[in-house]
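Q: Can you build the whole structure from these sequences, using the hints too?
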Amino acid sequence: MLKSLEEIVEEVKKREKRTVSVAYGQDAHTLEAIEKGVKEGLFNAIVFANKSEVERVAHANNIDISLFEVVDVPEENEAIRQAVRAVRDKRADVLMKGLCHTANYMRGILNKEEGLLPPGAILSHATIIEISTYPKLLVVSDVAVIPQPDLKMKQAMINYDVAISHKLGIENPKVAVIAAVETVNPKMQATVDGALLSKMNERGQIKGCVVDGPLALDLAVSKEAAEIKKVRSEVAGNADILIFPNIETGNAFYKCTTKLGNSKIAGLVTGTTAPAVLTSRGDSEESKFYSLALGALVANK
Amino acid sequence: MFKTFDELFAHLKTKGKERVVVAGGEDIEAVTAVKRSYDYGFGTAVLVGDKSKIEQTLSQFENTDFVEKIVGVKNEIEKGTVAVREVKSNGGILLKGQIKTAYLLKAVLDKENGLRTDKLISDVFVFEDTSVSNKLVLMSDGGVNINPDLNGLVAIIENAVSVANKLGTDTPKVALLSAVEVVNPDMEDTENWALISKMNERGQIKDCIVDGPLALDNAISEYAAKKKGIQSEVAGFADILIVPNITVGNVFGKALSYYAKFKNAHIIVGTQVPVMIPSRADKSEVKFNSIALAIASKN
Numbered sequence: 003m004l005k006s007l008e009e010i011v012e013e014v015k016k017r018e019k020r021t022v023s024v025a026y027g028q029d030a031h032t033l034e035a036i037e038k039g040v041k042e043g044l045f046n047a048i049v050f051a052n053k054s055e056v057e058r059v060a061h062a063n064n065i066d067i068s069l070f071e072v073v074d075v076p077e078e079n080e081a082i083r084q085a086v087r088a089v090r091d092k093r094a095d096v097l098m099k100g101l102c103h104t105a106n107y108m109r110g111i112l113n114k115e116e117g118l119l120p121p122g123a124i125l126s127h128a129t130i131i132e133i134s135t136y137p138k139l140l141v142v143s144d145v146a147v148i149p150q151p152d153l154k155m156k157q158a159m160i161n162y163d164v165a166i167s168h169k170l171g172i173e174n175p176k177v178a179v180i181a182a183v184e185t186v187n188p189k190m191q192a193t194v195d196g197a198l199l200s201k202m203n204e205r206g207q208i209k210g211c212v213v214d215g216p217l218a219l220d221l222a223v224s225k226e227a228a229e230i231k232k233v234r235s236e237v238a239g240n241a242d243i244l245i246f247p248n249i250e251t252g253n254a255f256y257k258c259t260t261k262l263g264n265s266k267i268a269g270l271v272t273g274t275t276a277p278a279v280l281t282s283r284g285d286s287e288e289s290k291f292y293s294l295a296l297g298a299l300v301a302n303k
Numbered sequence: 194m195f196k197t198f199d200e201l202f203a204h205l206k207t208k209g210k211e212r213v214v215v216a217g218g219e220d221i222e223a224v225t226a227v228k229r230s231y232d233y234g235f236g237t238a239v240l241v242g243d244k245s246k247i248e249q250t251l252s253q254f255e256n257t258d259f260v261e262k263i264v265g266v267k268n269e270i271e272k273g274t275v276a277v278r279e280v281k282s283n284g285g286i287l288l289k290g291q292i293k294t295a296y297l298l299k300a301v302l303d304k305e306n307g308l309r310t311d312k313l314i315s316d317v318f319v320f321e322d323t324s325v326s327n328k329l330v331l332m333s334d335g336g337v338n339i340n341p342d343l344n345g346l347v348a349i350i351e352n353a354v355s356v357a358n359k360l361g362t363d364t365p366k367v368a369l370l371s372a373v374e375v376v377n378p379d380m381e382d383t384e385n386w387a388l389i390s391k392m393n394e395r396g397q398i399k400d401c402i403v404d405g406p407l408a409l410d411n412a413i414s415e416y417a418a419k420k421k422g423i424q425s426e427v428a429g430f431a432d433i434l435i436v437p438n439i440t441v442g443n444v445f446g447k448a449l450s451y452y453a454k455f456k457n458a459h460i461i462v463g464t465q466v467p468v469m470i471p472s473r474a475d476k477s478e479v480k481f482n483s484i485a486l487a488i489a490s491k492n
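Protein chains in written order, with the working numbering: chain A, 3 to 303; chain B, 194 to 492.
Because the hints were derived from the structure by calculation, they are not lab data. This structure is a prediction, so every number in the text was calculated from the model and none was measured. Among the hints, erroneous ones may be present.
The calculated DSSO-like cross-link candidates involving lysine-lysine, where the alpha carbons are at most 27 angstroms apart (straight line), are [unchecked claim]:
hint, chain 1, residue 1, chain 2, residue 2
1, B, Lys399, B, Lys312
2, B, Lys196, B, Lys456
3, A, Lys53, A, Lys19
4, B, Lys312, A, Lys189
5, B, Lys246, B, Lys262
6, A, Lys232, B, Lys399
7, B, Lys419, A, Lys209
8, B, Lys419, A, Lys176
9, B, Lys491, B, Lys456
10, B, Lys366, B, Lys421
11, A, Lys138, A, Lys209
12, A, Lys15, A, Lys92
13, B, Lys399, B, Lys366
14, A, Lys38, A, Lys169
15, B, Lys293, B, Lys244
16, B, Lys421, A, Lys154
17, A, Lys176, A, Lys154
18, B, Lys366, A, Lys231
19, A, Lys209, B, Lys421
20, B, Lys293, B, Lys447
21, B, Lys267, B, Lys299
22, B, Lys491, B, Lys210
23, B, Lys328, B, Lys447
24, A, Lys225, B, Lys399
25, B, Lys210, B, Lys281
26, B, Lys328, B, Lys421
27, B, Lys399, A, Lys231
28, A, Lys209, B, Lys420
29, B, Lys421, A, Lys176
30, A, Lys189, A, Lys154
31, B, Lys208, B, Lys328
32, B, Lys304, B, Lys491
33, A, Lys189, B, Lys399
34, A, Lys232, B, Lys366
35, A, Lys176, A, Lys225
36, A, Lys16, A, Lys92
A: Here it is as structure tokens:
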């Protein structure tokens with residue numbers, strides 16, 4: 003079981019090398035993360051971008067672009083299209099966002115004919131958080147893609163996060179469906195969804211994990227809180243996965259851990275046929291690197 | 194839980210006689226059922242109605258020792274109000290005799306002088322299962338609440354649990370019935386059942402073990418539950434079956450009574466004392482069983 007982002011990096015180094023396809027990778031942060039990953043032997047990379055711009059940025063930031071292939075595509079949307087196609091054609095295994103706008107990048111992924119989303123699949127997002135106050139990695143959803151997930155979407159999120167947890171070596175991850183309280187209150191949809199998802203898990207409709215909800219955050223991650231509140235639950239105090247009721251809660255949670263706590267994070271778009279890295283401009287180069295490592299791990303069989 | 198009605202009768206016998214107040218005591222069938230409870234040693238009759246007509250009814254009995262009291266009233270409406278008053282001031286349980294159900298209910302539900310409590314009023318049906326689980330099993334609500342919402346269903350469960358407690362089961366196993374055992378957002382009852390079973394897990398519904406959704410076969414047959422791989426403390430061992438609406442409960446109760454020919458009884462609870470409103474088609478045995486159930490369920 004991998005317990006830190008650094009352990010993910012070390013694990014990826016042992017595995018068969020994967021290839022990252024970088025959409026419009028012509029900014030320093032992206033290229034530095036790619037350079038670091040290739041240098042450390044985590045993956046190979048193909049960068050689809052304006053080659054002269056790549057050269058300029060590389061020169062200014064002392065980045066060695068001979069380490070990876072650069073395909074000259076000057077226009078942003080075309081670069082995205084070709085980067086996605088490389089993944090579709092299995093020339094690459096992980097998609098990475100460069101300097102392109104998030105909306106354009108997502109359109110490339112969602113494109114019905116040429117994208118990475120299977121028909122009927124739900125697109126979501128998983129963030130892996132390493133924080134010194136918790137003994138293991140936390141997989142959380144959805145802090146970035148679905149604003150107000152319904153039951154079906156939350157079910158999909160759980161399935162995606164469980165698949166990632168399995169890749170992290172957690173055989174039967176404990177999933178906490180987060181609400182403000184641990185009791186069922188029909189006036190709080192989060193508690194209703196928590197109860198439904200937990201029953202669906204009990205009945206084998208959600209497999210490969212143990213789901214409990216509703217759980218307040220303290221109950222999900224603190225054994226002490228669970229004991230004080232006398233909540234009998236396999237998940238309470240020991241969660242591997244946190245499912246948040248909406249994007250505001252999830253987003254505030256992860257930013258709280260990174261900006262007010264000392265967490266490190268990695269993130270992936272989920273639901274796609276191959277892992278796709280979607281880091282926000284505010285995320286550090288380190289988190290881009292860890293996201294790539296996570297993508298490479300998930301892309302491994 | 195008592196395994197049979199006979200066990201229940203034997204138990205009641207040891208507790209002394211309870212007053213059975215009959216609203217409309219002219220009704221021969223009601224009076225016959227109360228007499229039988231007297232003969233078994235657990236009931237006496239308090240007959241409220243037209244005095245001369247009641248006496249006419251009683252003339253058909255050789256011995257009227259079973260009658261504790263006759264209360265004469267002037268009209269049909271008073272049968273209800275006076276019978277309720279009789280129960281409130283002197284104790285006992287209430288049985289519908291020759292009175293329109295609407296009049297009796299009006300008296301029972303009257304806010305000031307009726308038998309209401311802060312609880313929901315619901316119907317509890319008890320049957321003697323001689324084919325699968327070989328015990329008395331409770332079912333609710335096939336008689337009062339038409340299409341209960343989440344809170345209504347919780348109250349129905351609590352009422353049924355308190356009856357099961359009276360029948361000797363401290364922590365009854367409650368199965369929430371649907372057509373399937375999985376959660377399906379297109380079937381509202383499966384969602385309600387999932388919520389209610391979590392509410393039980395979190396201590397919001399006490400003194401019982403609740404699981405649902407469960408299909409009937411999973412609820413009552415250990416074999417069926419195992420075959421379907423359902424892991425549940427309740428599946429295969431249900432003491433109480435809760436149905437999503439009155440139609441399911443009503444059909445279920447009548448199927449057990451007519452096709453399976455299980456002995457059965459039904460009472461209304463959530464009132465200060467249990468109330469029996471037998472259907473006109475109920476056999477006299479059902480009325481008698483219901484008197485026993487009502488006495489056992491009384492606080």
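Q: Does each hint fit the structure? Answer for all of them.
A: Hints and how they fare:
For the hint linking B:Lys399 to B:Lys312, the alpha-carbon distance of about 15 angstroms falls within 27 angstroms, and the restraint holds. A hinted pair counts as satisfied when its Cα atoms are at most 27 angstroms apart, and B:Lys196 with B:Lys456 qualifies at roughly 12 angstroms. Taking the CA atoms of A:Lys53 and A:Lys19, the gap is near 25 angstroms; set against the 27 angstroms cutoff, the hint holds. Only pairs whose Cα atoms come within 27 angstroms are accepted, and B:Lys312 paired with A:Lys189 is accepted, the gap being roughly 22 angstroms.
Taking the CA atoms of B:Lys246 and B:Lys262, the gap is about 14 angstroms. The hint holds against a cut of 27 angstroms. For the proposed pair A:Lys232 and B:Lys399, the alpha carbon gap of about 15 angstroms is at most 27 angstroms, so the pair holds. Using a Cα cut-off of 27 angstroms, the hinted pair B:Lys419 and A:Lys209 holds, with the two alpha carbons roughly 18 angstroms apart. Between the alpha carbons of B:Lys419 and A:Lys176 the distance comes to roughly 25 angstroms, so the proposed pair stays at or under 27 angstroms and holds.
Our distance criterion of 27 angstroms between C-alpha atoms is met by B:Lys491 and B:Lys456, whose separation comes to about 21 angstroms. Restraint check for B:Lys366 and B:Lys421: the C-alpha separation of about 19 angstroms stays at or below 27 angstroms, so the hint holds. Under the criterion of a C-alpha separation no larger than 27 angstroms, the hint pairing A:Lys138 with A:Lys209 is consistent with the structure, at around 22 angstroms. Restraint check for A:Lys15 and A:Lys92: satisfied, since their Cα atoms lie roughly 20 angstroms apart, inside the 27 angstroms limit.
Straight-line distance between C-alpha atoms of B:Lys399 and B:Lys366 comes to about 11 angstroms, which keeps the hinted pair within the 27 angstroms bound. Restraint check for A:Lys38 and A:Lys169: the C-alpha separation of about 23 angstroms stays at or below 27 angstroms, so the hint holds. For the hint pairing B:Lys293 with B:Lys244, the CA-to-CA distance comes to about 18 angstroms; that is within 27 angstroms, so the pair holds. Taken as a hint, the B:Lys421 and A:Lys154 pair is honoured in the structure, with Cα atoms around 24 angstroms apart against an allowance of 27 angstroms.
A threshold of 27 angstroms between alpha carbons decides the hint, and for A:Lys176 with A:Lys154 the separation of about 19 angstroms falls inside it, so the pair holds. Distance check on the hinted pair: B:Lys366 and A:Lys231 sit about 25 angstroms apart at the alpha-carbon level, within 27 angstroms; holds. The hinted pair formed by A:Lys209 and B:Lys421 meets the criterion: a straight-line CA distance of about 16 angstroms does not exceed 27 angstroms. In summary, the hint linking B:Lys293 to B:Lys447 is supported, as the alpha carbons are separated by about 22 angstroms, within the 27 angstroms threshold.
With a C-alpha separation of about 17 angstroms, the suggested pair B:Lys267 and B:Lys299 falls inside the 27 angstroms cut-off, and the hint holds. For the hint linking B:Lys491 to B:Lys210, the alpha-carbon distance of about 13 angstroms falls within 27 angstroms, and the restraint holds. Distance restraint check for B:Lys328 and B:Lys447: the Cα-Cα separation of roughly 18 angstroms lies within the 27 angstroms cut-off, and the hinted pair is therefore satisfied. For the suggested pair A:Lys225 and B:Lys399, the alpha carbons sit about 24 angstroms apart, so the restraint of at most 27 angstroms is met.
In summary, the hint linking B:Lys210 to B:Lys281 is supported, as the alpha carbons are separated by about 17 angstroms, within the 27 angstroms threshold. A distance of roughly 24 angstroms separates the Cα atoms of B:Lys328 and B:Lys421; the hinted pair therefore holds under the 27 angstroms criterion. Proximity of B:Lys399 to A:Lys231 is assessed by CA-CA distance (about 16 angstroms); at most 27 angstroms being required, the pair is judged to hold. Straight-line distance between C-alpha atoms of A:Lys209 and B:Lys420 comes to about 18 angstroms, which keeps the hinted pair within the 27 angstroms bound.
Under the criterion of a C-alpha separation no larger than 27 angstroms, the hint pairing B:Lys421 with A:Lys176 is consistent with the structure, at around 24 angstroms. About 19 angstroms separates the Cα atoms of A:Lys189 and A:Lys154, which keeps this hinted pair within 27 angstroms; it holds. Restraint check: the Cα-Cα separation between B:Lys208 and B:Lys328 comes to about 22 angstroms, which is no more than 27 angstroms; the hinted pair holds. In summary, the hint linking B:Lys304 to B:Lys491 is supported, as the alpha carbons are separated by about 21 angstroms, within the 27 angstroms threshold.
Using a Cα cut-off of 27 angstroms, the hinted pair A:Lys189 and B:Lys399 holds, with the two alpha carbons roughly 21 angstroms apart. Note on A:Lys232 and B:Lys366: the hinted pairing holds, with a Cα-Cα distance of about 22 angstroms set against a maximum of 27 angstroms. In summary, the hint linking A:Lys176 to A:Lys225 is supported, as the alpha carbons are separated by about 13 angstroms, within the 27 angstroms threshold. Between A:Lys16 and A:Lys92, the direct Cα distance comes to roughly 21 angstroms. Compliance with the 27 angstroms bound is thereby established for this hinted pair.
Of the hints listed earlier, there is not a single one the structure fails to meet.
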